[in-house]
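Protein chains in written order, with the numbering used here: chain B, 1 to 227; chain Y, 1 to 136; chain X, 1 to 361.
No wet-lab data here; the hints were simulated from the structure. It cannot be assumed that every hint is accurate.
As the list claims (entries may be wrong) - Here are the computed lysine to any residue pairs in the SDA-like style, where the Cα-Cα straight-line distance is at most 20 Å:
hint	chain 1	residue 1	chain 2	residue 2
1	B	K21	Y	T119
2	Y	K46	X	K201
3	X	K163	Y	E36
4	X	K206	Y	E36
5	B	K20	B	P73
6	Y	K114	B	Y217
7	Y	K46	Y	K85
8	Y	K22	X	R273
9	X	K201	B	R84
10	Y	K85	B	V33
11	X	K163	Y	I13
12	X	K190	B	P202
13	Y	K9	B	E85
14	Y	K9	B	R84
15	Y	K22	X	K190
16	B	K5	Y	T119
17	X	K163	B	N56
18	X	K206	Y	M90
19	Y	K40	X	K201
20	Y	K5	B	I82
21	Y	K5	B	Y223
22	Y	K62	X	R279
23	X	K195	B	N56
24	X	K163	B	T63
25	Y	K62	X	L66
26	X	K201	B	V33
27	Y	K22	X	Q160
28	Y	K11	B	L194
29	Y	K46	X	V214
30	X	K199	B	F219
31	X	K201	Y	P95
32	B	K21	Y	K40
33	B	K20	B	F77
34	X	K206	X	F332
35	B	K21	Y	M90
36	Y	K22	X	Y155
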Amino acid sequence: MVKAKLKPLEEIFGMIRSYKKILTLSCGGCVSVCMAGGQREGMELTLELVEFFRQNRLDAEFTHYTMERQCNPEYLFDAEEIVREADCVISTACGAGVQYIAESHPSKPVFPALNTLFIGIDRDVGLYEERCRTCGDCKLGYTGGICPITRCSKSILNGPCGGTHFSDGSCEIDREIPCAWNDIFERLKSQGRLENILTVHPPSIWMDQAQRTMVQYGFEERYRKKE
Amino acid sequence: MKGLKTEEKIKLILQRREAMIKLCLSACVHCSLCAESCFKFHNHSKDPSYMPSYKALHSIGKIFRKKGKLKDEEFEEMKDLIWNKCVLCMRCYCPMGISIPLLIAAARAVCREKGYYRTYDVISKRIEKSKKVLTK
Amino acid sequence: MKPWICNCAVFIFIIAVTSAMAADTVIIHRVDDFITPADIKSGISPADRDAPRVAMSHKSHEKAGLECIQCHHKENNDTRIYQCAKCHKGNAGMEIMHSACIDCHTKSGSGPADCSGCHSRKDAELKGFIRFSLFDFVKGPGLWITFLVFALGCYYRVTQMIKFTWMMKHPTSHFISPDLIRTSIFYKNKNPLMKLLFKIKYSFRKSVFGWNPVMGTVSSIFHLLIFTAPLTLPAHNILFDEAFRISFITLPEGLIDKFVVVIIGIMIFFLLRRVFYPRVRMISTLGDFGILLMVAVPFITAYFAYHQYADYRSVLLAHIITGEIVIMAIPFSRLGHMPFFLFARFFMSSEYTLGVGNRRW
Ligand code: SF4
Ligand code: SF4
Ligand code: SF4
Ligand code: SF4
């Protein structure tokens, strides 16, 4: 799911220092799972901010509340009143959540408390690894389930580039980084489908470079714009 | 909300949703048609306690009836019911139009005020097991 | 006290009272019934319309050994209309009624034979006035009240639901890149008939019929019949016609009797399901059984009335009263899933919505 990390306290403080009634709004979704902006993290952040304000001789009233999701209209209702009461909101959701809260309360300043980093997997508790950059045209089918866009330093689609260290299969950028295309080659070889990368693949459309609106399969009729 | 006691906060949360919860609880005909639309229900060999309406009725239904005054063990039990047995994916479908995830979310809000919520830093046996499988 | 206990208590009390009353029903023909606007035009004076009503006791006629069929002929009367004035209108009607009554009275030598013997206000008032008015009440104003309560209640519930839901706003930057649309293979089909068939199949598979075919079918049949049976029964349509001047298509009574048997059967299925099926048992409350009983009573009494088991009049009265109570209870109890269902299927935004579906909780 979405992985994120708390911003430095100073940065958050810089955004909200002039406000008197501050609401920390946690999200019970993805950021709870990666332990960046769940209920406990939100509570801790609030306590830290209280302390930080005290040290800086500033006075503000802090409230904390956890929403189930900040990216879904159904759960927005939960926090409507509390948001209305506050002067500003620090949202510990991912970028999408922050934007949705800001959009539904246009008169409220809404600040992000997290840096939203990537879509990834949970390696362990507190250890996450990026796995997808939502390119919009998934290549995993011919790369043996290894994302060349995320894993390859150059995000090339017809690899390897020629800089691979063949002795240990690492990237020319850094010996520590495994070459994605070396891994792809190894995996495809072991599965006996090397022909998958022997053909040249056309350039990607890079749909992630413009804002996308998606209509799910089966819902085309419902949302197709009337001509 | 600031400066209120937990009990008062819970009361406020319930009050804010009172009419909606009442409407939903009174419209549920206890027909169990929602069961099959929940993937959790299917994944747990159709255990009825994974049924959406069961989860809603035994969380918010209970809280609402007792006006939020539940014993700690009851909250502990409920935590398992509304966090581990439901992921709020909103895919359950009630033919009567009841929004079950919204009811469960309301129950979660009350539990959160009480300090019962799911944390993700406990390495459960399942994760250990799957890690073993992966590293083999 | 819990509301459902109250409901059940009131319900049982009313059943008890109505069945305790051995209702000797008296049918009164208003003179109005025999006079059409055309008659008035053709010169029937208003004075005639003021003639006292006729109180006709069925019980005393039955005691005297009369058969129903002697008056309620079946010829040209398949739907068993029991109100003479429905066909025998105007002066002709009046003559037929007069000859039917008076002839018999004089022939048998019993029963009143002069005008005031029947057209006696006093008689009408004395003879079972209370009972008469109860029966007439449930058939006339009772029906009005019932449907008024029902309509207002449904209106209230639906507006309540609308109040808690709100319209979805789609983003202003709402555009659909053609690359992102994956049109389902079903919809791509050239043949419009196949397209439609696939569409139906697809929506069927993801509906309750797909995941729970037995319950889906049984419950659809049940809900279909529970509306068709009462709405197409000839006797009910007469009632509707008398009270609201509307009527629907009617089906033969024998068929509807079979419907009622099916309905009662399915209710027993629901009951068994509630008792023995773990997933339903786990969420059942006493109120659910109460509701089931409440809906069952009008159908059981209907079955009894049709087959003339037990005392016909009391059963019929119990049937009408319980039926009206159930209709009034629809918006205010769990039966409220009727307006809810329609609203949800058409206006709530969900993957199974049938209509415009742009509202969310
Ligand atoms: S707002 Fe962001 S973090 Fe929260 S549930 Fe939605 S996507 Fe996940
Ligand atoms: S190829 Fe694109 S969609 Fe597939 S995993 Fe990589 S970034 Fe994600
Ligand atoms: S929530 Fe809906 S589908 Fe589920 S038992 Fe209640 S009425 Fe039936
Ligand atoms: S929201 Fe919860 S109850 Fe509904 S389908 Fe998802 S997991 Fe099941």
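Original post:
Can you list which hints this structure breaks, lowest number first?
Top reply: 1, 2, 3, 5, 6, 8, 9, 12, 15, 17, 19, 21, 23, 24, 25, 26, 28, 32, 33, 34, 35
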